Amino acid sequence: MKDAILYLEDGTVFNGQSLTVSGETTGEVVFNTAMSGYQEILTDPSYAGQIVVMTYPLIGNYGVNDQDVESSKVHVKGFIAKEFCRHHSNQRATKSLIQYLEDNHIIAMEGFDTRALTRHLRVSGAMKGMISTVDFDIASLAAKLKASPSMENTDWVKTVTSPKSYFWPATGVYKGAPLYKVAAIDCGIKTNILRILAKLGCDVHVFPADAAFEQMMSVKPDGLFISNGPGDPVSVPYVMKTVQKFFGKLPVFGICLGHQILGLALGGSTYKLKFGHHGANHPVKDMVDNRVSITSQNHNYCVDMDSLDSNEVEMIDVNLNDRTVEGLKHKKFPIYSIQYHPESCPGPRDAEYLFNGFIASMKEYKKAKV
Amino acid sequence: MPKRTDIKKILLLGSGPIVIGQACEFDYSGTQACKALREEGFQIVLANSNPATIMTDPELSHATYIEPLTPEFIEYIIQVERPDAILPTLGGQTALNLAMKLWEKGVLQKYNVKMLGANYDVIKKAEDRQEFKKAVLKVGLDVPRSAFAHNMGEALLAAQEIGYPLIVRPSYTLGGTGGGIARTQEEFEKIAALGIESSMINEVLIEESIEGWKEYELEVMRDNKDNVVIVCSIENLDAMGVHTGDSITVAPAQTLTDREYQDMRDAALVLIREIGVETGGSNIQFAIDPKSGRMIVIEMNPRVSRSSALASKATGFPIAKFAAKLAVGYSLDEIQNDITRETPASFEPVIDYCVVKAPRFTFEKFPEAKDILGVQMKSVGETMAIGRTFKEALQKALRGLEIKHIGLDNKQDFNDISDEKIRLRLKEPNASRIFYVKYALQKGLTLNEIYKISFIDPWFIAQIQQIIDMENKLVAAFAKDKTLDVKLLRKAKEYGFSDPQLAAITGKSEVEIRRWRKDLGIVATFKQVDTCAAEFEAHTPYYYSTYESEDEAILFDAKMNVGKKEVRKKIMILGGGPNRIGQGIEFDYCCCHAAFALKDMGFETIMVNSNPETVSTDYDTSDRLYFEPLTFEDVMNIIDVEKPDGVIVQYGGQTPLNLAKRLHDAGVKIIGTTVDSIDLAENRERFSAFITKLGISQPANGSAASVEEAVSVAQQIGYPVLARPSYVLGGRAMRIVYDRESLLDFIEEAKEVSDGHPILIDKFVEDAIEVDVDAICDGEHTYVAGIMEHIENAGIHSGDSACVLPPHTLSEQIVRAIKTNTCKIAEGLKVVGLLNIQFAIKGSKIMVLEVNPRASRTVPFVSKASGLPVAKIAAQIMAGKKIKDFDLSVQCEDLAHVAVKESVLPFSRFSGVDIVLGPEMKSTGEVMGIAATFGEAFAKSQISANSALPRSGKIFVSVKDDDKRNVAFLAKKLIDMKFTIIATRGTAKVLKSSGVDAEIVDKHDEGKNNLLTLIRKNEINLIINTPSGKKSQSDMRSIRADAILHNVPCITTLQGAWAAVNGMEAIIAKQMSVRSLQNYYKGNAVKKSNPCEVR
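If you read the protein sequences in the order shown, they are chains A and B. Numbers 1 to 370, taken from this note's numbering, label the letters of the first sequence in order. Numbers 1 to 1095, taken from this note's numbering, label the letters of the second sequence in order.
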């Protein structure tokens, strides 16, 4: 255990301890209110470039296992909780969270008033921060933090997207007999999206974020999927441009960053939320059937509905906490997108039914093609 | 969907008296429902037999009926009120069962009363084990292997198929009455027989034992648009096999991965939909096999429950309030979250702290019962604690239990406990097992060993190990340096170590520790309970303490006072902590009333309490709520931050009163009766001199600090004497002692209880009438609010005896003299606030037995009987008002109606315990019967107390020698009323000589046609048995126990028998009727002269 300092770009300082590696890390500091699912959060590529504070104070209780991962590695830049568990307990656990973070060279900081930190972020907004176990000089930390990359104007997608395309086959009864072929743009795709699409009968061809339209069309897909991912949608204009080429040609479905990219591609703009939505308890109302889903959320940016042409695009989901856009639909083409995470992991599975919509539009597309 | 317009008047059912398994939580839910529905403009008709509830306050409903909760009486109420709908899901199992019976009898259909929340079929599907199992399997979820049995033949067959160990669960009972775990056929036969007997439909479920599995609960809400949310998850520290009400529980669930949690959540969603609960809250219990992860559904309650009260307090999400709104048509997204004021109720609360609930047991009251826990609930109350870590919350919960533990402490030295005992106490779940986990670790048992013996999840054991590690570190550091490093001391506080624990480690006093850490800047900080882990701003000042850097209470205060010229004065009310026998809902009622009254006067009210079941811990009740243990340290921490202008200690029972002196010494301003006056009343010698000076008689008495002294005092006074420890409530360890030997026994037992305080010895006045008086005094003038005549003679604890208001046999002179004496005492003590006095009346002689300068258990009863808000008035007087400021024209002795309070006893929960009453209180709750005549009021009280008097049939009479002369007259009367008298040989002979014929029956051990057989065949309708001395008590003991089991009313005093005669006369004479409190109060007697004023 070593002393650690968290320095925020507005000069706020918290002192605690690090349980894992020594060193320094910088990132945008965001809080997540989910009470379980830390392993999924750690491995969610959307957290690239961010230091995550868990608001639930006791983290690591059930250790980590081999199944509950959303990508092949840990993406957070730093992990903060009130207290990390020293002795986990769960029948599936293979190692402790502390060991896992150590193995992945992630600084785990604990032992301070994380609720005060959360309140500070709520009031002042998400901001850059730096954890250090070696340098406690404020001026020096401030300088280093200033030099670190920000969420804006940085292409974080490029750091998490798969370098090569790969194939994720349909599962269950559809194994070897897929119903549909999906081209997925990997901006930092969560594995559970692939698991769900495969379960629903899709062979998924996953492409790097900078893959060309033609490359993707070459697998003869029935639909395009644009995944979740880290950072500001504006910093990946190349994805937006590729996506536009699919409009009117294939059914398109986007989640999270994919949704924001679609918003831009449809001619709209996005803005940054004060401290984002990161948690597993956000109520979202489906404006078509008025159903309220409890949803898993993880985003800092939001589509500005007013920037879109209401003759072309309509809002289909609204966040009941702050009335922000949670889903879009094109009035003419089979294009729609969801801001939150219907694939859950972590969080409630209330909205998993939304994948059925994508499946249905591919079905229609296929029928029309025939 | 907006509010329903097809209903205007709603009948809300309460849960009746406080019993084990059904406590204040249903007052909390009912009160929330009343408020919420009233707010929506509905007419509320409320029915509950428990006068000590807030929900029966007449201003909460349009018509309040304190009547028995039976189909018969509810039908009368429906006839009078003609409600459009009935809401049965907020009054516990009692209300649910009652609504089911009303439906089955066709009453609801006949009067076209709609069922809200859950209809008959839904309740049936959830409650009937067979139908529930079918539903669970239908949606693809798992259940334990099981079979039903309706007789012993079926039961044995099922047991053979499933194999031991197995669990027996009777259908349709309260809190698992009559169930159990059987490991052998012998055990099984016993438990199954009892279970079949105690089930309302003679049915038991026999199932695969999943003992040792992890146990969880989810609190679920659904609205009429099919939106479902999980409000809270709860994990039990005690594994399956211990009733969840008796388990230490933790929120949120700790050892589930998100995947497992979501599986459970999905199961809850599909289940609530399949069962079809239309709107409202439900509670679903799950078990998980710690080896395979296999998840099983245990049961579901289609109503709000004890756990929903806990979940509401743990998260800030008011389940009952929202359930009421959903029941009348709203959907979750149409209801606003009160705390954030900007987000809707259709979300799932997240918390950024850990909540621990610990059960409060009272095995000490029933020394014959073993403190072993099982599937039948035994605890009488609970405390909840909030901390930033489990370690902190656990230690706070344990000190909040008020069982003389100052945390997870070393009350026993582990070196003194044998390995064997430790293993046994770990294996058999029991009231103090958590401490044995600590002793076991200290003794060197490994985590794994402890897990294998106890099935307590290793996560919890490891947390306890961390507490021990910290303690060892503190001990070692202090031994080495004779001081503690500031970092280590702070860490200890973060781990929940109390100042007394640190005092024990360092050999310093608690006050020294407090000063030391405050000098070092180690002070408690307060955090908000906000439903959202700080994601949104919270507007409700509901706090818990922890040791962090930011204090939100101080921030909130600063924000509230910005730009304000005048800051409201603050008054803090100290609550009573966990319910226990002797201190329960009555005190919570008083605390709530203090908050309501002082808020009306413009004060800012601050409530401190640790009991999650209560109305006082609803954030709506006071301006600020602190959910904290009621210890000196925890209370002072709040006082340091809030700096209240006054603190009320006389409303929460003995708990805050015991803190009064220390708070006063610490410079806290206690309002109302002064600490010196409290001491004058509690200190036996000072009190005795004071009473003598006033010229009032009292039984000869003395106090003793040693055994020798006690023997000599008793000798001097003369046996029998009433012996008891001082500074206790509920007559804890109080006993009537007939000789020297019993006195020595008593002293041995009282040691544990008296805590260094002297033992009090009074002459026991035999055959005297006992009277309870509640009065309000402003220091100069007194108002006697209630004079209650006990039905049973002096010698039975006032909390256990029935009483009647107005007094029905006392002469006008006696009443006048009681009033005069009350005024003298109150004014002599300079009481400001409430005062309770017990008098013994023998002939024309009036003696003072006891004076308590605090709210008493009878205050709510007096208020409900008279219509006068006694506790509110007294609170306002403490805050500066005077007696003359109030209209106190109602005189309790002139009421035009009669109210009878009857106590409700928990004997059926403690097998082997004798039901005879004595000076130690044993009842858990009370009911009130109110009517125009004593007979009818008494009869109603008996129905409500679940011992309805018969109209005809056989009455068994067996009395002690002293009563034999008097019993003849009683027996004659019963024969005139067409009852048949049955008696044992001895009593029959006495009756015969007085010309009364009685059938002779053998006692259980004497012959074939014995009493026990008759009881079991339900051929006895009433038992009158007055035991004397130890021998006769044990003689009839099993008879009385059997009577309880077979629900035959059993009267153990002759006075009680006479009251029963009055009651039966009323029942036989005419049909009983119902009347609302609001109607009774209209008929209150006009002013007569008040003797105090005349004087």
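Just so you know, these hints were derived from the structure itself, not from any lab. What you are looking at is a predicted structure, and each value in this text was computed from that prediction instead of being measured. Don't be surprised by glycine CBs; every beta carbon is placed ideally from N, CA and C. Keep in mind that the hints are not guaranteed to be accurate.
Examples of chain A residues toward chain B, derived with CB under 8 Å [as the list claims (entries may be wrong)]:
| id | residue |
| --- | --- |
| 1 | Pro57 |
| 2 | Asp68 |
| 3 | Asn356 |
Evaluated hints:
1. Checking Pro57(A) against chain B by beta carbon gives a least distance of about 5 Å; that is within 8 Å, so the hint holds.
2. Checking Asp68(A) against chain B: minimum C-beta separation of about 6 Å stays under 8 Å; hint holds.
3. Taking 8 Å as the C-beta cut-off, the interface hint given for Asn356(A) is violated, the closest approach to chain B being about 17 Å.
Violated hint: 3 only; the structure is consistent with all others.
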